[in-house]
Structure formats: C-alpha cells, structure tokens
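Chemist: So the chains spell out like this:
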Amino acid sequence: MIEINNVSKQYGTFHVLTDCSTKVAKGEVVVVCGPSGSGKSTLIKTINGLEPINKGDIRVNGTSVCSPKTNLSQLRSKVGMVFQNFELFPHLSIIENLTIAQIKVLGRKRNEAGDKGRKYLDRVGLKDQAAKYPAQLSGGQQQRAAIARALCMDPICMLFDEPTSALDPEMVNEVLDVMVQLAREGTTMMCVTHEMGFARKVADRVIFMDAGRIIEDTSKAEFFGNIEGRTDRAKQFLSRILQH
Amino acid sequence: MFKNYSWDWGVFLQPVSTGEPTNYLGWLLAGLYNTVVLALSASLIAFAVGVVMGVLRTTPNRWLAALGTTYVGIFRNIPVIVQLFAWYFVLPELLPDNVGTWFKQLPASTQMMTSAVLCLGLYMGARVCELIRSGIETLPKGQRSAALALGLTLPQAYRYVLLPVAFRVAIPPLTSEMINVFKNSAVASTIGLLELSAQAQQLVDYTAHPYESFAVATAVYILINVIVVLIMRQVEVSVRLPGYIGGK
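Residue numbers (the working numbering), protein chains in the order written: chain A, 1 to 244; chain B, 1 to 248.
FYI, nobody ran anything at the bench for these hints, they're computed from the structure.
Possibly wrong hints are sitting among the right ones.
[Unchecked claim] Now the in silico label distances, taken between C-beta atoms and shown as ranges:
id, chain 1, residue 1, chain 2, residue 2, range
1, A, ASN173, B, SER238, 36 to 46 Å
2, B, LYS141, A, GLU170, 42 to 52 Å
3, B, PRO164, A, SER165, 47 to 57 Å
[Said to hold, decoys possible] Just a sample of chain A residues kept apart from chain B, beta carbon distances all over 12 Å, derived:
id, residue
4, ALA135
5, GLU174
6, GLY186
7, GLY229
Think of the CB as a built atom: it goes at the ideal place given N, C-alpha and C, for glycine as much as any other residue.
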C-alpha cells in the first residue's frame, strides 16, 4: 500500500531524513515513535507529498508521490490525514468541514456528501454537533471530527501525525478509542504517536526513529517483548516512556 | 478668536458668481460626488489587486511571490503625489502615439478622474496586499496542509479555506484603509480634479468665507468616514464566527 524507498530530505546541510525505507501493507497498522526532532512527523508528511523529498521514492498504491506526472491532489484525496492540531476549518460548521472536500474534490452532490458526513459523525459520537463550529467543540471532539472528515473521503489508508499530542489528558482516550476501532476494522494506518498503550493494543509493527533515520522496524511483539534485543537508543527511549 | 471675522453660513445658498445655474452648496455636492466616485472606484481596484498580490506573496512559487513583493515595493514606497503626477503627466507621453492622443482628447475631467482612480487604486492596492498577506500568514500553517491533504488544489485551498478566514482577520485594518482612500482622494485636487477639498478651496476664492467652507468640507469627510465605519462594522458582525476571532 505504502512503499518508502531510500528517502532522504535535507534543509541546507541539516539532514531531516536519511535513507529511510519501509513498507505498509494493506490492512496493516504501523506505529512510528521516537524522540522529538527525530523526523517522524516529516516522514509521515512525505507520504502524501506535503513535505517534498530530495532523494528516494515513495509509492502509494503503486503511484509515485514524487513524480511530476502524478496528480498529487487526486492521490492526496485517497490518503486520509489527521493532524496534531486538528486543523478543522474555523469558518465552516462541523458538517461543512466534512462535506467541503467531498463536494469540491470528489464531485459528490451536497445531500449525498451530507449523508456520508452525518454517518461518520455518528460513528465518532458527534451526531449532535453537526451544526456547531469547530471553536465550540472540545479538543477531543475536534480531533474526532477531523478523523471523520478524513474518513468521508473513503481513503485507502490513514495517516496520523501525533493525533493526541495537543489534547488534554482526559480527552486522549476518546480519540484513541476511535483509532482502535478503525484499526480493528482493518484500516491501513500509519501513526506517529507516543501512545505506547495504543501501539501495544493494535499495532502490527513499530518503527523507531532517531536523528532522521529508521533505527528499528520490527513487529510489535519483538519491539515490546524483547527489550534486550533493541538498539541502545530504542532501549533508552523505551525505558524513559514505559516506566510510567 | 475670529474677532474681526463676519460669519455667514448663508453663503452656501447664494448663487455662484460664475453664472452657472447652481449655488455654492451645489459646488460642494459636485465635489462630494467626485470624491465618492474616485474613492469607491479606487477601492474596488485596490481590493482586487490587493487580494491577487497578497495571495501571490504567500504562494510557494518564489517567482510569483517575487512579483507580489516587487509590486508592493514600487507602489508603497513612492509618495502618492509623485505617483499621481506620473500617472497624469508622464504616462500619457509614454503611451503609443495613437493611444496617447486619444487619451488627451478626452474631457479634462475624465482624464483627471482616470489617472486619479488608477493611481489611488494601485497605491492602496499595495497596502491591501500587505493586509491580505498578513491575514493569510496569521493562519496556522496546518490549515493549508489540511486543505491540500484533503485533495483540494492550491487555488481551491485559497478559495475555500485560507481566504475566507484571512478576510475576516483583515476586516478591521481594511476599514482603516477604506477611510484612507477617502482621505487620500483629496490629493487628486493637485492635478485639478474638482473633488470635495478642491471645491472647498474654490469656495474660499469666490466667497472669502474660508472657515465656513472648510468647516463644511471637514464635516462631510467625517460623515463619510462614519458611514464607512458603520458599514464595515456591520460586515464584521455578519461574518463573525462562533467561538473564533471576535465571536462569542
């Protein structure tokens, strides 16, 4: 589904990503973790071309993201993305947030888009909030609406960029619950997160990054079950975040 | 104060001494008409040009951004009176002969109005450009990313996501610019356009009642700008977003 081959990216002489390669198969849930500044957010944004790369190639469902011939907008419309700061559009009501791209990008009729929007709002538990504006919702509600907005486009895979990092602790679980549910339904997901509980629960694989490199790319069982087999950097990271 | 000055507010109703079938108030109203036509036409140009240039300055394409920056650099940094002289006295000479001749055969007032509208419109356009640019740049960078990630093209992202919010952010400073257009329109009197301030000056020459004349002109400018403020405030309230910038 997603193939990342020898991807490198640099700003001037600073290497944000160095020779990163990995794959995400259909239906697979991959969690990307690592210290801040390790390049994990940048890596996930290269998949739909929000971050251009200097070297390597990325393919989504066989289509190259980096080729100038690719219709990037069309490709992006099939890849759902959820951002750290929700990024709902403040001038549109929740239901309009969910329908705007369906109408303008997919060419759906307004009522068809509305039906789809309400269906997904119901699924994330926000049926009653359709007419409200983003600023009237809590952070957790906004992020669930943002997930619903991405799902409305019938994406072939979902990318999550630290979806719970900007949330109050009380609201983290309501968002994670939605994500767990998606994972269990077989959604292909790549997820940058520090929520190791989520990783343990639903991840198939865990990628660990440091200083722009993929240091570990291994099964969940191996990553959490065999701490001794981990690289020193991953061990250090795990010991710091798992002691809570 | 004004010890030896004989006030006469009735002067406005006296017929003008040139023999035209009007009174001095009629002259002021004719000036007001020119001021309003000039300022509104210039505002339209300023808004259209300002939005286009403001958008260009925020696009990822550096050539387009440079085009916007150059525009602002030229039109914002030259005194508006110098620009006006350039539009009115220099440009017609630089045009191809037939166009230049055609322009110079238009009625004088049309020539002056055209030059003044273009001058003020493009000058204010540079200022509007900066307001729109800062409005767009105020938005979180993720808004653009989120719009693009949904598959919207860059023009669609501007049209449906970035500009509607940037406009709302820019309304208060745009109100100030709208007021500035009306005030700056007085500069057109320097090329002979008989707008409000020029008519007030003319009244002084004909009636020798400078205080009444400029008192009324000043009151009219204030009245216009109060109306502008009230209209813009209405606009601001009607597009207010619940829970966001100024909304409840």
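Chemist: Check the non-interface label on ALA135 of chain A: least C-beta distance to chain B beyond 12 Å or not.
Modeler: Per Cβ check, ALA135 of chain A is inside 12 Å of chain B; nearest 3 Å; violated.
Chemist: Quick check on a hinted range of 36 to 46 Å for ASN173 of chain A and SER238 of chain B, using CB atoms only.
Modeler: At 40 Å between Cβs, range holds.
Chemist: If I take the minimum Cβ distance from GLY186 of chain A to any residue of chain B, is it greater than 12 Å?
Modeler: Consistent with the label, GLY186 of chain A stays out of reach of chain B, its closest Cβ about 22 Å off (over 12 Å).
Chemist: Does the hinted range 47 to 57 Å hold for PRO164 of chain B and SER165 of chain A at CB?
Modeler: violated, 28 Å
Chemist: Taking C-beta pairs only, is GLY229 of chain A more than 12 Å away from all of chain B?
Modeler: holds, 36 Å
Chemist: Taking the closest pair, is the beta carbon of GLU174 of chain A still more than 12 Å from chain B?
Modeler: holds, 20 Å
Chemist: Holds or violated: 42 to 52 Å for the Cβ distance of LYS141 of chain B and GLU170 of chain A?
Modeler: Check failed, 27 Å falls outside 42 to 52 Å.
Hint compliance for this structure: hints 2, 3 and 4 are not met, and every other hint is.
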